[in-house]
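**Student:** Each chain, letter by letter, is given below.
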Amino acid sequence: MSEAALPGRLAEAQALAWREGASERTLRRDGRRWSAWTAWVLLVFTTPGVVLLAIEPLALPAALICFAHAYAVPRIQAARGARAPVPIGSARSAARLDGADPRAERVALGLLGDLVAHDARELVARSGLVVERGRLGAWLLGEQGALLVRPGGRRVFSWCVRIAQPEELPAADRVAHLLLALREDEEGFATVANLQFSGAAWRLRRRLDARSRVALDAARAGMA
Amino acid sequence: MARLVRLDRTGHTTLAEWASGDGAGHEAAVAAFRAELENGMVASLTRPDGTAEVVRELPREAELVVLRRPIAGG
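Sequence order for the protein chains is A and B.
Read left to right, the first sequence gives residues 1 to 224 (this note's numbering).
Read left to right, the second sequence gives residues 1001 to 1074 (this note's numbering).
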């Protein structure tokens, strides 16, 4: 890390000088862009299908292919966003890897529990995700990414962010890394992370597993 | 009792502990702290209110300082 790291700023974010810093303004802008892009995708695939049907009703199979694309592309985007966080103990969790040390997993979970409040601790046990309230919204942190529920609870951002060298770190330690970085500099954290999805919370919720939905619902309730 | 811990493959390792009046304990903690920073770790001071701050010097009055690895976009 840079010796010249500015106080209060995440050094990892300062190293990305070419990347625009995340802020309330950039999140609002990015959210609008994602909505416009999704609307564009729907328009681009739906219009030809409608035109085909108007010209020749027998072109229904080709029109259905267009409609299927209009349905599938936004769905795939949401699925990608839903995959980002990786809850502790989920199928893709480090705790499930060959060679994972159960004792280390317990120790790491204990420290993570010490770092969060009672309510969040309970939610970790139920969902494998840590909820953390920030200025930009309510964050849900997993091993490899984070969801951000914006104020109002209707829009969700999904980010991929991980430890630079995660080798052999227990699952809860990976989440603890992200939690500490988030607490150190929320905007910097969002700058370092790679945006995977932004859109309506219900779109992402449909693609989450049952445990993650519990956490998303709790975060949305806190932001409503 | 203040603690300096490192997140690692064991879950975490307590590198040093010191009391507020324990000068020698704090000095030993500072040595361990600097060695970890040299190895590229990031030091995060956890405050009682739940916020955190990156520190490059080990505060004598800290309750918990956690050494973590840098993060990156996925």
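The reader is advised that the hints may include incorrect statements.
Claimed, not checked - Interface residues of chain A toward chain B, partial, derived using beta-carbon atoms under 7 Å: (1) Gln-144; (2) Gly-145; (3) Val-161; (4) Pro-170; (5) Ala-176; (6) Asn-194; (7) Asp-217; (8) Arg-220; (9) Met-223; (10) Ala-224.
As the list claims (entries may be wrong) - Just so you have them, the derived chain B footprint on chain A, three or more residues with Cβ under 8 Å: (11) 96-108; (12) 183-192.
Think of the hints as simulated: they come from the structure by calculation, not from any bench.
Just so it is clear, CB atoms sit at the ideal spot from N, CA and C, and this is done for glycine as well.
**Student:** All hints, please: hold or fail.
**Tutor:** To see whether the hints hold, each was checked on the structure:
1. Gln-144: Holds: closest Cβ of chain B sits about 6 Å from Gln-144(A), inside 7 Å.
2. Gly-145: holds (6 Å)
3. Val-161: holds (6 Å)
4. Pro-170: holds (6 Å)
5. Ala-176: holds (6 Å)
6. Asn-194: holds (4 Å)
7. Asp-217: violated (22 Å)
8. Arg-220: violated (21 Å)
9. Met-223: Hint violated; Met-223(A) Cβ to chain B Cβ min 18 Å, cut 7 Å.
10. Ala-224: This interface hint is violated because 22 Å lies over the 7 Å limit.
11. 96-108: holds (count 7)
12. 183-192: holds (count 5)
Checked against the numbered hints given earlier, the structure breaks hints 7, 8, 9, 10 and satisfies all the rest.
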